[in-house]
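Engineer: Each chain, written out:
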Amino acid sequence: MLELGELARNALLGLKRVFFDRIFERSFWTWRRHPAIIIPTMLGSALQVILQSIVTLVVMLLLTSWALSGALSRVLVVYGSSGLLGVLQDPTFSLTIVPVLLVMLVALVPIAIVGAGYVYSSEYGIYVEAWNKDSVPVKSVLENGSRRWRAMAWTLFLSNLITWGPAAIGYALIIASAASVNSPAGVIALLTAISVFQPLFFASLILSVFTVYSYPAVVVDQVSGLRAIRQSFRVASHNLGITLTYSLVRIIFQGLLLLVVFFAGTIGLPLTSLITVILSFLLTPILHLTKTMIYYYAGPSIPEMPFQLSSPIWQDVFRRLPRAAWVKIKTGLSEGFRFVIGPGNLPFHALSALAFALGICMGYYVSVNGVAGFFLSLGYQPGHGNSLLANLPVPALPVLGIDIFLNNWLVSIATALSGLGFGAPSFITIMFNGFILGVLLAPQLSPSVTMFLAAILPHGIIEIPSFVLSGSVGIRLGYAAWKARFRRGPENDAYLSKTLRLAVYVVVGLAPLFFIAGLIEADITPWIMRMFGWTF
Amino acid sequence: MTLSDTSRPEIGVSSLVQMRARTDVAVPASYLLLPLASYLLWAVFVVAWWGAGAGLRTGDLALVVSVLGIVGLAASAAASYVVYTLMNRANKHFSRTRALLCRAIDELHSRIGTAGHGALLPLSSADESLYKLSRGEHERSAVMWALLASIPVIGGMFLVAALWLVSRDFTKHARLEELVLEDVDRSMKGNGLQGISVRHASVASRDILGVLVSIVSLIELLSAFLLGPAGCLVLIYLTVGAFSLVWLDLSIRDPTVHFSFHSQFESDILRSLPDAVGEASNVGAG
Numbered sequence: 001m002l003e004l005g006e007l008a009r010n011a012l013l014g015l016k017r018v019f020f021d022r023i024f025e026r027s028f029w030t031w032r033r034h035p036a037i038i039i040p041t042m043l044g045s046a047l048q049v050i051l052q053s054i055v056t057l058v059v060m061l062l063l064t065s066w067a068l069s070g071a072l073s074r075v076l077v078v079y080g081s082s083g084l085l086g087v088l089q090d091p092t093f094s095l096t097i098v099p100v101l102l103v104m105l106v107a108l109v110p111i112a113i114v115g116a117g118y119v120y121s122s123e124y125g126i127y128v129e130a131w132n133k134d135s136v137p138v139k140s141v142l143e144n145g146s147r148r149w150r151a152m153a154w155t156l157f158l159s160n161l162i163t164w165g166p167a168a169i170g171y172a173l174i175i176a177s178a179a180s181v182n183s184p185a186g187v188i189a190l191l192t193a194i195s196v197f198q199p200l201f202f203a204s205l206i207l208s209v210f211t212v213y214s215y216p217a218v219v220v221d222q223v224s225g226l227r228a229i230r231q232s233f234r235v236a237s238h239n240l241g242i243t244l245t246y247s248l249v250r251i252i253f254q255g256l257l258l259l260v261v262f263f264a265g266t267i268g269l270p271l272t273s274l275i276t277v278i279l280s281f282l283l284t285p286i287l288h289l290t291k292t293m294i295y296y297y298a299g300p301s302i303p304e305m306p307f308q309l310s311s312p313i314w315q316d317v318f319r320r321l322p323r324a325a326w327v328k329i330k331t332g333l334s335e336g337f338r339f340v341i342g343p344g345n346l347p348f349h350a351l352s353a354l355a356f357a358l359g360i361c362m363g364y365y366v367s368v369n370g371v372a373g374f375f376l377s378l379g380y381q382p383g384h385g386n387s388l389l390a391n392l393p394v395p396a397l398p399v400l401g402i403d404i405f406l407n408n409w410l411v412s413i414a415t416a417l418s419g420l421g422f423g424a425p426s427f428i429t430i431m432f433n434g435f436i437l438g439v440l441l442a443p444q445l446s447p448s449v450t451m452f453l454a455a456i457l458p459h460g461i462i463e464i465p466s467f468v469l470s471g472s473v474g475i476r477l478g479y480a481a482w483k484a485r486f487r488r489g490p491e492n493d494a495y496l497s498k499t500l501r502l503a504v505y506v507v508v509g510l511a512p513l514f515f516i517a518g519l520i521e522a523d524i525t526p527w528i529m530r531m532f533g534w535t536f
Numbered sequence: 001m002t003l004s005d006t007s008r009p010e011i012g013v014s015s016l017v018q019m020r021a022r023t024d025v026a027v028p029a030s031y032l033l034l035p036l037a038s039y040l041l042w043a044v045f046v047v048a049w050w051g052a053g054a055g056l057r058t059g060d061l062a063l064v065v066s067v068l069g070i071v072g073l074a075a076s077a078a079a080s081y082v083v084y085t086l087m088n089r090a091n092k093h094f095s096r097t098r099a100l101l102c103r104a105i106d107e108l109h110s111r112i113g114t115a116g117h118g119a120l121l122p123l124s125s126a127d128e129s130l131y132k133l134s135r136g137e138h139e140r141s142a143v144m145w146a147l148l149a150s151i152p153v154i155g156g157m158f159l160v161a162a163l164w165l166v167s168r169d170f171t172k173h174a175r176l177e178e179l180v181l182e183d184v185d186r187s188m189k190g191n192g193l194q195g196i197s198v199r200h201a202s203v204a205s206r207d208i209l210g211v212l213v214s215i216v217s218l219i220e221l222l223s224a225f226l227l228g229p230a231g232c233l234v235l236i237y238l239t240v241g242a243f244s245l246v247w248l249d250l251s252i253r254d255p256t257v258h259f260s261f262h263s264q265f266e267s268d269i270l271r272s273l274p275d276a277v278g279e280a281s282n283v284g285a286g
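Going down the list, the protein sequences come from chains A and B.
Position 440 of the first sequence, counted from 1, bears residue number 440 in the working numbering, the numbering being contiguous throughout.
Position 187 of the second sequence, counted from 1, bears residue number 187 in the working numbering, the numbering being contiguous throughout.
A couple of the hints might just be wrong.
[Stated by the list, open to error] Distance ranges between label pairs, derived from CB positions:
1. B:30 x A:55: 54 to 62 Å
2. A:84 x B:218: 55 to 63 Å
3. B:161 x A:79: 51 to 59 Å
4. B:138 x A:226: 55 to 63 Å
5. A:325 x B:200: 33 to 41 Å
6. B:161 x A:516: 47 to 55 Å
Derived by calculation from the structure, the hints in this document are not laboratory data.
Here the structure is a predicted model, which means the values were calculated and not measured.
We put the CB at the ideal spot given by N, CA and C, even for glycine.
Chain B on its own, in the form it takes in the complex (with noise of 0.2 Å):
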């Protein structure tokens, strides 16, 4: 059996810059509430736990511990679908820029032939820093990981390496992303067209937060000897939910002024190269 994507759209400059509004998109603050809910309630879901006799014996409180894992659950699923919408919303700006700088990349070559020769060279050099963004970044699953944040307890770990993926690959994606844009900009004005305004917006690296919460969580490690190992891990769990409450924070506010940025520059792009398709790429039940 043979397949074939025949059904494949084609997308112009103009669809992906309108795309913008839906893959850019800003996180409510309020979303947080629902990774603290979580935290919240496996906190005390542990409490009651052990309260109840951690499995071993039929306590007062096992009716409160199954309720309380429930809404545990529920918490949890809330509080992956934070997860999965960062993540998701960093996959999906990656996906759509390296599309538009490669759909811009593309139409300038194809101009090249009325310019002239001049624009060659930051154009061969744009192809080589898309490049470098394309092998650079990660697609990384936001299901897989919002399914890892879900998991009780442990969940809270995973939590904090996904935020810290994500953090990562947006400092990344800002430093690749400006070296394209400067060729492309260079590429725009050897063709004699209007260039695009290439500033500085990087995205602040948290890896110190992740080095942070990896010392504390080690050095609590340690406090086994002197609290035992239920204290040591409440310890930790404390720990690390509260670093990633911070951090999802974070993670929510950090790319505003990266896609403040993608909101000018795209506009240069659009301005300069107009194409005649507009018909946006959409997968839905309608």
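Just chain A, with the same shape it has in the complex (with noise of 0.2 Å):
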């Protein structure tokens, strides 16, 4: 066999190498064969949609308090004349804001933390068992989330910490001399930790550098905290020019796709959704991938990667993954079907459709009381559209379309997928697209009914069910994860495995309803607006 004598041969003389553009390779087809180790990167963004609906719930849950209780129109007075802290130092809202939002922050840090350690356990896990495996099921996006959740909760805790400490502590200084910037003492403390900042930031921008492998080294030699960072400090210091390469690659491709935006932000075309989905679904799996295995090959037991020729990966990009795209979307589209129509379903569709409306009823409420008349205070005038679609060149519109596609299709996803944290953040992000929309719905802000539905209608009749539609299939995630947690038994693992399948290809199948509903909002919607009294 070639490679054993190979390897064998440069293990013999200490020849052993670890080769980027191998691996790099073999992860983009690894990715290719394996769609499912994108699912823990939705369930990134899940993950900042469920710290996201618990900001949204307080601030919906205050202003409705305050709605009722007559005082919101002097809140938001407040809010106007003095900001944020205005409202936190006046005694009267700050006996019920601060506890409130204390008990917030408490929840969101755990929350952070928990969240991202079942997240990267779960990802890290699907690379490596992806790496070596024919097929990868979407139940061990689950089994390899709860597997190693804890260490990697408390080593992504002392990395962070270790790793980003000292740009931190440079930046709490900049911003504690910055208030007293008016005296002369000031100016000179302000001056001081700027010139503390770069050198601390610098540090943590080097050690960002050696603390790269310390997921991997959760999932791969199965240590945490101290342990896998001081594992990574030794694989990248053992291995510096491939890790030096893998930070470049990282750093250039970001850069690049930034530049991409600038250049198309400064004519008019938004195309932040599209790279955020190249970086999200694409670039983001393959270089973690990537990561995984240098890690996994610098280990001095493992043999050299063997040398393999690949297809060209330019022709599979551009020919078949297109076609391999359609292919899910299509089969997207008949689970999200049948996942519509089927009876059992029909709670969580109502469930989701409650939550719409009761944002629509508290939104309005709010609006009606003190949020819309704050809004006209600002310079909001009804019956005004925004002066952005106007200003657009026409051949934009379209390129803005698909901005508001993804965008709307990665909240989505993100909703549905959120409803891992037993089905509430999937509801509560519904309530809160309700909430928004009742806040328009309110008199003071739109001149007439029709007027506002010809602002809404036209592209909202595909796009609200569509939400709506994410959110349903979300609570009955959350259904299966609560009866996965406090049932347990094989039947309730499998029934959340195969719910959590159905919910990523029914927010698939959602892509060209929104594709559809983002070409109407950009490019027939302010048409349509205008002929109903709308000006821009």
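Join the two chains into one complex using the hints; note that each chain is given alone, in its own frame.
Structural biologist: If you want it as structure tokens, here you go:
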């Protein structure tokens, strides 16, 4: 066998090497063969929605309670004149708002750390599995997530503390000294803080290169915390060349994509969502997989990765990948249709619709009781649409439509998968969407119901049911998570895996609907709005 | 969690020889148009950007600059593909050659028992030469160098650096490979097999070009006193860009003779050391 001969000889002569391009290429093909490896990345955005849902719930509840007690207008007046700090310093409101904010922050930090631990445990675990196996089922996402989440959460906390601690200290010094910038001593303190920040930030950047393998270490070597960080330091320092190559490739990829967004933005082409999709679903999984496998092949007992020829990547990206994506979308559409008409799913549809309706009612209530007036005081003109739409060149409108589509689609993916948090985040996110709509529905902000409908219905007739559907599948996912957590049993675990698979397919199937809605919103809705008296 | 490369395929001499069609590929000269377009577009971009107020004010050219920026990025991406192709071709050629020679030497080792110890000395020498070849060659990241070369404006410098490295690596590879081949040839003959046609097929070193571009750039750096910093930078950009285009052309053509030499000696190896394993190792989606 060729490799054994070569490897034995290389090991004997101390010639074992880790090749970046070989690993990178195989990472691409692993990503292509196992689409399930992008689900943890989706879970990452779902985690953000879970965290956001806590904030939005607090905001909605605070606004509603103030509206019920008749204090909302005053709160908004104080907010308008002195900002959030003014509201916090006002004794009338601080008694309510300060404890609520404290509880919210106390809830956010552990949820963020534990959630990220679960997501990264799932992500890096599935990479290792996908590298070696011919098929990776969706249930692996959950199994890997629950296998090492504690170790990963602890490692993540320590790793970030060690890596970004110096930069955070420097930044805190700047913030602290900026408060007293009015005096000459304050200016000197600020300048000192800035000069201290620079080396501290540089130290953080250097540290980030050496702690880059902390998460793979948790999964590959079954270590955690400081041991994982130590392992990462060891591997990075022994393989500095390939570690720097990885870091450089990552930085340049992101930098070039940012440059594309920048240039496109200057001529009115919004590409942010497109770049987010490319980063989230293509580059991040491939680069993280590459990183994991660099760590793996750097192991002393692991033989050198053998020479293999791979099919050309570019041909695959341009010819086969779109076809493969379309096949998944078609499957998603049929799964979504079955989900919609399934009688067993009616309670979830009803709950999601209820969340949306409840949100509209709450939004409308707080709007007529003060929020609408606040918006008017800020200069909002009823019947006047977003002037950015009028300023965009006509060829940019389809691009705007695609940007809206991708943004809404990403939100719907995150909404559906955030249901893993026992359904509540999906419910709250849908409710918040209704809340925004309810706020705009107030007569002070909408000159007439006809004008309001002209602005919402053309695209909303597709977009709103699609959002509600993503909420519905999210609530079902929450129900499945609840069953798997509190009624332990293999059948409930299987139900959760099945529902996660369904949720992924449903949101993938929603893509064409959001695409149509996005194009309508950018190209047709403004035109209809003008017909019904809107100005831009 | 433990990992195992259970799916590692067995690659025989014939498979490795067959892979030549995919590793030792000719890069079309028309590919030169891509870096040329990138070079010209970024030159125009810099001039237009300067004309539009260098980002300090909103000039009439602002829209043109942005459009040029987007088109320039697309051209840079295309140019970086050429860099990737050249570097990847070198990597794949080196790796395949090492694997092929390693397989041939393994095969010869296994035959020594039947042919006697007369061939042991050249075979040990072949082992040593192969070690030197393996240790002396670098598989540089084509992905990283392609990305570096795609950085607007300053990417030209990375392009020159990448081409310099490719040229040096090819020259070194040809020299070290020849030593292994001579030993393999002697081992084969010692084993009673038909030898291989070893001839000098070096790849030209382009160090002189690298030294030249460095010296010219340094001299142009001094022109800052005469032309100002902007003029000096433009001059360096134009020089490095022009050199990189010439070098690209040379890098596309340089290995052709070496590849044709491979086609000869690989046929000889295959004739002398045929194997039954014909399954090529391949990674892909179908």
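Engineer: Does the Cβ distance between residue 84 of chain A and residue 218 of chain B fall inside 55 to 63 Å?
Structural biologist: Distance hint for residue 84 of chain A, residue 218 of chain B holds at roughly 56 Å.
Engineer: Looking only at beta-carbon atoms, does the pair residue 161 of chain B, residue 516 of chain A fall within the given range of 47 to 55 Å?
Structural biologist: holds (48 Å)
Engineer: A range of 33 to 41 Å was offered for this pair. Does it hold for the Cβ distance of residue 325 of chain A and residue 200 of chain B?
Structural biologist: Since residue 325 of chain A and residue 200 of chain B have Cβ atoms about 52 Å apart, the given range 33 to 41 Å is violated.
Engineer: Honestly, do residue 30 of chain B and residue 55 of chain A meet the 54 to 62 Å range at C-beta?
Structural biologist: holds (56 Å)
Engineer: Quick check on a hinted range of 51 to 59 Å for residue 161 of chain B and residue 79 of chain A, using CB atoms only.
Structural biologist: Holds, since residue 161 of chain B and residue 79 of chain A (Cβ atoms, about 56 Å apart) stay within the stated range.
Engineer: Could one say that the CB atoms of residue 138 of chain B and residue 226 of chain A fall in the range 55 to 63 Å?
Structural biologist: violated (34 Å)
Comparing the model with each earlier hint shows violations of hints 4 and 5; every other hint is respected.
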